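Chains A and B, in that order, give the protein sequences. Residues in the first sequence are numbered from 1 upward in steps of one, following the UniProt record's numbering. Residues in the second sequence are numbered from 1 upward in steps of one, following the UniProt record's numbering.
For the record, the hints were derived by calculation from the structure and aren't laboratory data. Mixed in with the good hints there might be a few duds.
Stated by the list, open to error - Dumping the calculated BS3-like pairs for lysine-lysine here, alpha-carbon to alpha-carbon at most 25 Å:
#, chain 1, residue 1, chain 2, residue 2
1, A, Lys448, A, Lys405
2, A, Lys356, A, Lys512
3, B, Lys25, A, Lys586
4, A, Lys288, B, Lys130
5, B, Lys130, A, Lys553
6, A, Lys352, A, Lys586
7, B, Lys127, A, Lys288
8, A, Lys553, B, Lys127
9, A, Lys553, A, Lys315
No experiment lies behind these values; they were computed from the predicted model shown.
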Amino acid sequence: MAKQLIVDGKPIEVEDGTTLMHACELAGAVIPRFCYHERLSIAGNCRMCLVEVEGSPKPVASCAMLVNDLPPNRDGSPKVVNTASPMVKKAREGVMEFLLINHPLDCPICDQGGECDLQDQAMAFGMGGSRYTENKRAVEEKHIGPLIKTMMTRCIHCTRCVRYMTEVAGVEELGLIGRGEDAEITTYLEQGILSEMSANAVDLCPVGALTHRPWAFAARPWEMETFETIDVMDAVGSSISADVRGAAVMRILPRNNDAVNEEWISDKTRHVADGLKTQRLDQPYIRKNGRFEPASWDEALGLVAAKLKAAPAEKIGAIAGDLAGAEEMFALKDLLTRLGATSLDCRQAGDKLDPKLGRASYLFNSGIEGIEEADAILIVGANPRLEAAVLNSRIRKRWRSAPTKIALVGTKVDLAYPYEYLGAGPDTLAEIANGKHPFAEVLKAASKPMVIVGQGAFARADGLAALSLAARIVLAASAGKDAAWNGFNVLHTAAARVAGLDLGFVPGKGGKDAAGILGPDSEFVYLLGADECDLSKVSPSAFVVYQGTHGDKGTERADVILPGAAYTEKSATFVNTEGRAQQTLKAVFPPGDAKEDWTIIRALSERAGTKLPYDSLKELRAAMYRTSPQLAALDTIEVRAVSGLETLAKLGAQPSSAPFAPVIADFYMTNPIARSSAVMAGMSALRASHQQKLSAAE
Amino acid sequence: MGLLSEIFSWWGGNTWGTRLFTLRKGKQVGQDEFGNRYFVQKSGVGPLGVPARWVIYPKLSEASQVPPDWHGWLHYTVDTIPTDERYHRRPWQKPHQANLTGTPLAYRPKGSILGKGERAKSTSDYKAWKPH
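Next comes chain A alone, as it looks inside the complex:
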């Protein structure tokens, strides 16, 4: 039923259940607020959103007032709401004056300065001066970890951070104690907050009470230029903005993208920025007599080309790492195919995903937004909290909003929401697939069942069998239901993986997979940013080229190092786990002599005698879109029918009964950029010491 209102003389009609604040906004009025936030529960404690409702003796907090709760006028005429009357002005000035009584006047030294809600609203709605001459209140400093810097004297007690931590992050570590003037936000034991999503609380803080510690006092918001780009720390592909001053990314903040990350990002995504400035490869190196010597691009590429031409095609192999963009993978595949080599692999972790089984067999088919419709979720061999922290809070959001049955097969972990633990390995999975397990009935009864398969299930020798079982479960559960709903979801951990599979960066005819390429009979190995693989079995006489951004595991074995560009330094295409192609933006230049990755391969191809037919990024993309058109559809996901899983389900092999192992040992150390970051190292150490304390207490 619709409700009629007159806001500032403008008649509007709003749905039942709308808040008065939203109704006023629909009518075009601007309502100031501090505590209200669209993605959090309503608190109604800052009183900044007061409006006048005619007939009501006092102003009304519009964020907490539903239009249904407004008493009707006697004559049945629509309620009149004023947002700009003298009464509202006076009310706002009064609220602002009370807020500023205990707020310090340290804007010039406050990191929030320039992007502070309190500053802006004091300018827009506050009084000109202060009538307050007494001493201001001071609040003791809190230590809540290396990511969040506190200055609690500035706090205005909107409790956004408390609600965020409790509701979205799912860790009840922040709270408000005391009353009135003595109210304080604190952690219960003054310990560091251990959540993968904790730093979002800083974004929510409308004042400078919580600021980012890693970049404290480093830059002012108006000095920085914002580049809207995409994150590559996990396979979610969160929308981020890289704020640049000079030649460096000063900070990374989330962008609003309802389809992917809402407005949250994980702490790794946000605070990895300092890793972009440490351990950087900024010039080519050639190993001579066991030691690396600086070399020019000409020498390095000449040597690589000579070795490439000398090696027999069947002994050439290439592995693409977790942060490689689609462009360089396409160029490298193109080059090696022209040379007759077929040993390519983008699955350095040993995933058993195969693009031949159809695109639906390796994607998060329901989509991240689809989680909010699912009513039964089975997680297999994954720890979404560590593998895709933002996606995990989407599951938590679903669990909070409606009764959702969630179950886990794999390692027992804390996911920030309760779930039913079914078992550790493929045996349980087989039971569900054969309909012998009670959860099979739950999935069948659900209207939109979802199965999330993680790398723990498919990155092992019998991974394809486990995937096949999961596909059988999905097919059985979705029989006779909405054909557009595909509940088969593969949760990737690497940003580059889906694009690699889309491009067919997998072994061709007679080609070897990652384990084979890294075996003893390869003569030429090209590592495109591949660090998370075991290089110990590569024969000492093999020639290893490492093209990447950071001095990490891959450089240790390399014979030639070619410095490439990180994700903030090039425009590259990444496809997230749900198959959404997105492009990063070049925010800064690569350091020193480093170059954008595809240009290195293009230059190499010329020296190797098979010049690739593209001279610009545009031409390369045109060629890439011809072979993989799905990469051209930026920021969209197509509907992939559940019938696409039948080939996978028919494979029907029986997996071994070994339990699914966790994939991520250390959330903060999953890729070369994160491993170079001092902030990530600090967080990793904090978590380790916390775990030690916990096990000592037990």
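Following the hints, put chain B in place on chain A, whose structure we already have.
Chain B alone, transformed into the frame defined by chain A:
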């Protein structure tokens, strides 16, 4: 300062005019640790209506070579010459130094291309990986 250059140039040190004037009218009152000699007019008054005071530098005529104590006397701030003053320099007082601008010893700020080329840290710096 050779005699020839004193006669034919006026830009290096004191000129022969000053030398003659000093011989005719000057009475030396003292000399400082840098070799600057200080004179006062023997008789009559100078342009300021009092006996003129002047200095002759050992080499280049450069006014910042005058130390602060003699500067006071030279500019008529005090009448007692520093050597007669009962003032003792404190241990923390630095010896006087002439202005070095325009000489190779001039001060170069950090980051100046004429200096050592070391500049202050910047947030745009990165740490390169070095092979070990």
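Is it true that the CA of Lys352 (chain A) sits at most 25 Å from the CA of Lys586 (chain A)? Not satisfied, since the Cα-Cα distance of roughly 33 Å exceeds 25 Å.
Pair hint outcome, Lys127 (chain B) versus Lys288 (chain A) [Cα-Cα no greater than 25 Å]: holds (24 Å)
Would you check the hint for Lys25 (chain B) and Lys586 (chain A), treating anything up to 25 Å between C-alpha atoms as holding? violated (78 Å)
Verify the proposed pairing of Lys356 (chain A) with Lys512 (chain A), using a straight-line Cα cut of 25 Å. Between Lys356 (chain A) and Lys512 (chain A) the Cα gap is close to 16 Å, so the pair holds against 25 Å.
Quick one, are Lys288 (chain A) and Lys130 (chain B) close enough, alpha carbons at most 25 Å? holds (15 Å)
Starting from Lys553 (chain A), check that the Cα of Lys127 (chain B) is at most 25 Å away, please. Answer holds: Lys553 (chain A) to Lys127 (chain B) is near 18 Å, not above 25 Å.
Check the hint pairing Lys130 (chain B) with Lys553 (chain A) against an upper bound of 25 Å on the C-alpha distance. holds (14 Å)
For Lys553 (chain A) and Lys315 (chain A), compute the direct alpha-carbon distance and say whether it is at most 25 Å. holds (22 Å)
Are the Cα atoms of Lys448 (chain A) and Lys405 (chain A) separated by 25 Å or less? Status holds; Cα separation ~11 Å.
When the structure is compared with the earlier hints, violations turn up for hints 3 and 6 and for no others.
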